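Novice: Going line by line, the protein sequences match chains A and B. Per our numbering, the very first residue in the first sequence carries number 210; after that it's consecutive. Per our numbering, the very first residue in the second sequence carries number 9; after that it's consecutive.
You may find that some hints are simply not true.
[Stated by the list, open to error] Computed beta-carbon distance windows for the label pairs:
hint, chain 1, residue 1, chain 2, residue 2, range
1, B, E346, A, E298, 31 to 37 angstroms
2, B, A156, A, E418, 36 to 42 angstroms
3, A, E298, B, E348, 24 to 30 angstroms
4, B, T342, A, E231, 23 to 29 angstroms
5, A, R320, B, D224, 29 to 35 angstroms
6, A, E467, B, T24, 17 to 23 angstroms
7, B, V143, A, E418, 52 to 58 angstroms
8, A, D416, B, L20, 48 to 54 angstroms
9, B, A222, A, R320, 45 to 51 angstroms
10, A, D416, B, G167, 52 to 58 angstroms
11, A, F363, B, L20, 50 to 56 angstroms
[To be verified] Derived lysine to any residue pairs resembling SDA-like cross-links, with alpha carbons at most 25 angstroms apart:
hint, chain 1, residue 1, chain 2, residue 2
12, A, K259, B, V286
13, B, K296, B, E346
14, A, K253, B, G247
15, A, K253, A, K442
16, A, K453, A, R436
17, A, K253, A, L233
18, A, K253, B, A314
19, A, K253, B, G288
20, A, K442, B, V310
21, A, K253, B, D248
22, A, K253, B, V310
23, A, K253, B, V286
24, A, K253, B, E346
25, A, K442, A, Q454
26, A, K259, A, P379
[As the list claims (entries may be wrong)] Computed footprint of chain B on chain A, listed as stretches where at least three residues anywhere in the stretch have a Cβ under 8 angstroms from a Cβ of chain B:
hint, region
27, 218 to 228
28, 269 to 276
Simulated from the structure, these hints should not be mistaken for laboratory data. Please read all numbers here as calculations on a predicted model, not as lab measurements. Idealized CB from N, CA, C, for every residue including glycine.
Below are the chains, spelled out letter by letter.
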Amino acid sequence: MPERLRVLLVDDEAPARSLLREYLGAHAGVEVVGECANGFEAVKAIAEQKPDLVFLDVQMPKLDGFEVLELVAAEPGAPAVIFCTAYDEYALRAFEVHAVDYLLKPFGRDRLAESLGRARDRLAMAAARTQDAPPAAATNGAALAATARGEGRFAERIVVRDGAQVHVIPTDQVDYVEAQDDYVAVHASGRSHLKHQTLAELAEALDPERFVRIHRSFLVNVDRIARVDLLAKDQRVVILRDGKQLPVSRSGHDRLREQWS
Amino acid sequence: MHPLLARPARLLLVLTLAALSGLPLAWILRLLSPRPWFAALAFAVPLTVFYSFIVLSAWWVCRRNPIRGEQAAHAVAMQLGAALQATAVWTALGAFWGVALQRWLYASGLSRAALLQDLVVLFVAGIPLYLVSAVAHYLYLAFEASHAAERRMLESQVGAREAELRALRAQLNPHFLFNSLNSINALVGSDPEGARRMCAGLGDFLRRTLALGARDSVTLGEELTLVERYLDIEQLRFGDRLRVVQAVEPGAAECWVPPLLLQPLVENAIKHGIQDCVAGGVIRIEAKRVGDALRVAVENPVDPDAPVRRGEGVGLENVRRRLEVFGARESQLTASREGELFRVSLTLPAVQAPAGASHA
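One chain only, chain B, in its complex shape:
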């Protein structure tokens, strides 16, 4: 819908302006071949009102033919063609209306030559009028586009901050802490040395989380180290039930990724996979470079008879959003379940960190 036609008040404004622009047209026609004001206005005003609608149709032509790079010449040609068509339609209607007025309403006694002259005026005036409208529409569209771009940028900035906050909060999941403290509590009695190691491991994990979370991007290697620390802690809770296989191909560990991207996926793999399986299973972490892309995948077993858990998908959604914010269009996350295996795959643009950056 044309923005000027979308509301009754605007439509009324368009009609008024179009009717008023009938005045100068009538004035010009009177100058060329004298006739009463009444006759001139009766001819000109309905025609300008009609033409205003034709001229507004430039909106759709403008939208379909944006002036951009190579398409600019094409767009100009399209607009000139549209201008000719518009004025042709207008002139034809002018001829019909002129004859109709003479025959049935008011015989002003104009000669055939004078009527032809009127039509030439319409035809000549119609082209610039249409083109002015097209330019105005292009300006309006450009204004609107820059407005929308600005809004999108603001939205994505807010979205990025939100996602970061949420990632950090999810990272410091209190239940993970509670369960870990309970495990340490158990170790204190049976294996004091192990309890000390757990305390140190938990401290190391938390410190790394805070350090990585404060940065804009980290290397996959750093993220994998964080995941290893996390798994060390969970290993104590789950024992033999938790088995981990890592397949990281050369070149992958040096690529940039958003911080705290992988750990939530591994946490999900435990929460919705290992924890539900009586005998546990293998969490498989893969990373490889394929051309310009970095592919990372986390796979875990699922028990089809597992009790229903709530809040699934929230973690995945968060990872997806952070991926969007980080890697523009090429990034994607897919989650799939095949039989009793659940797999989350990430694709990011592979950007290699300079040597030594990973321990900065």
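The shape of chain A in the complex, shown without the other chains:
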């Protein structure tokens, strides 16, 4: 257990941050290493500062709290998270994504102290495990994103982290996605973004009406398909509007036909 607890405050409203700062000031051994007013700043600060604990607002500009968590959760040394929100509906989901706790605004000193205690316990447990123990937050970003979206909804954007930089890709800009070992390469608007996720997980998050798994390694936006060419018996390729060719497996072709029938 770290002697000093390094804490990051993330909330787009200045009064909410100053309240946390004031409350935390009364706790010995707690050091506020930074304040962020939006999701982008939060991802960057978490990568750079490596805080032990993050107080995370849910509704923020650029990225919401759940998206921030999705981007940082899989990293080794990911911080413990306490959600701060005025919305009860997010509270339940906070637990489902393995947040340490949630604080419903407005909250008092005692409630904050209780959350802080839980965070210390959680961090101590994580530290007691081996070096490569799972981080304090959830490890599975995909499951986390699904929970945050809510039942029966599809992602409308894909968030990708590139070092301290974050890219937000609206799903209708995605041309196709290619599996690459433990990563997926999301091809959109002529650029490719690597994301630590499996293709199956991403496929599950996207609307099956718009994205079809044409091959073990390829997921394609059906709006981008120009035509399907037959190269040899049972060997087909999808030609995208920009001329790019993607292989089609037999079952992938079945899925495409089902989509178009």
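Chain A is already provided as a structure; the job is to place chain B on it using the hints.
Specialist: Chain B alone, transformed into the frame defined by chain A:
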């Protein structure tokens, strides 16, 4: 589809009545030129059954020519014309059927003169029969229209109440209260005097909301004051990120509007605009009179990269419904997005409140 033909049971009823009305016709024809009952019925019954369908066609003529104001004379002329056409068709068919019966089925030995007499009877009887049908159809349509009007009125009353309730509930949005209480909580430590001002401001806003919500209409000026109180509270949460520009032209503030119409729009402008923008932006509120219309608009910046929010449009839909209930046909709401600006425009009939009414 004609209401009498829409169901098999009704159709059967029509056919039965039409066949039965063949009896008096046969009786009259026998009186004029004697013949066996069988011959008279064979002639009359198929013809009355046929004519019943022609007579029902008055339904479409009635619907297309409502008796209303200046169109009444036109409608009567149309119906008389339709009656002549109907009876002409009927008589022609009668001639065909009369000759066919004589030739191929049953030679009753009627003279040509007697057959002509039969046709004159058909022609003369056909006109009043058609007109009676037209009158009956007009009565039915009038009955139906008054029924529908009554139902519409009830529906709009229920709709108005529902919309009012929803507006009030949306107004007392708990998340707005929770966030405001959190801000006050923060102020207590750093700026106790500011915390007191916030408490007073929040109380004032809530009291005004309840007072305005209880009335049928308020002036735009009163609504704008409520919006200002609301923005004062939000200013504390958002600081420099929230900037407001008001452009209210003379004469607009004195017009009647439904209560709590504007505040939800401004709340949306914060929730889906300012809150999503890192640097915030300007909420622009405009109001002006253009002839007989009052135009009100709320504009806010939007961030194209904003996280997807749920429940958008519900607030707008509510405002639209309340506008409908309030201002009849001339009212409208349009929402448009141009680049990174979102704009909601309202048009209402401009009805000026008497001087001093706004603080009643």
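Novice: Sort out whether B/V310 lies within 25 angstroms of A/K442, counting only the CA atoms.
Specialist: violated (51 angstroms)
Novice: Keeping to a limit of 25 angstroms between CA atoms, is the pair of A/K253 and B/D248 held or broken?
Specialist: Satisfied, since the Cα-Cα distance of roughly 23 angstroms is no more than 25 angstroms.
Novice: Does the Cβ distance between A/E298 and B/E348 fall inside 24 to 30 angstroms?
Specialist: holds (29 angstroms)
Novice: Falls inside 17 to 23 angstroms, the C-beta gap from A/E467 to B/T24?
Specialist: Since A/E467 and B/T24 have Cβ atoms about 55 angstroms apart, the given range 17 to 23 angstroms is violated.
Novice: Take a look at whether the Cβ-Cβ distance between B/T342 and A/E231 falls inside 23 to 29 angstroms.
Specialist: Violated, at about 45 angstroms.
Novice: Is A/K253 within 25 angstroms of A/K442, Cα to Cα?
Specialist: Violated: A/K253 and A/K442 sit about 50 angstroms apart, past 25 angstroms.
Novice: CA of A/K253 to CA of B/G247, is that 25 angstroms or under?
Specialist: holds (24 angstroms)
Novice: Assess, step by step, whether the Cα of A/K253 is no farther than 25 angstroms from the Cα of B/V310, and give holds or violated.
Specialist: holds (23 angstroms)
Novice: Can the restraint linking A/K253 and B/A314 be considered satisfied, given a maximum Cα separation of 25 angstroms?
Specialist: holds (18 angstroms)
Novice: Do the alpha carbons of A/K253 and B/V286 lie within 25 angstroms of each other, as the hint requires?
Specialist: holds (15 angstroms)
Novice: Does the structure keep A/K259 and A/P379 at a Cα separation of 25 angstroms or less?
Specialist: Status violated; Cα separation ~28 angstroms.
Novice: Given a hinted range of 48 to 54 angstroms, is it respected by the beta-carbon distance of A/D416 and B/L20?
Specialist: At 53 angstroms between Cβs, range holds.
Figure legend: structure checked against the earlier numbered hints; hints not met, in rising order: 4, 5, 6, 9, 10, 15, 20, 24 and 26.
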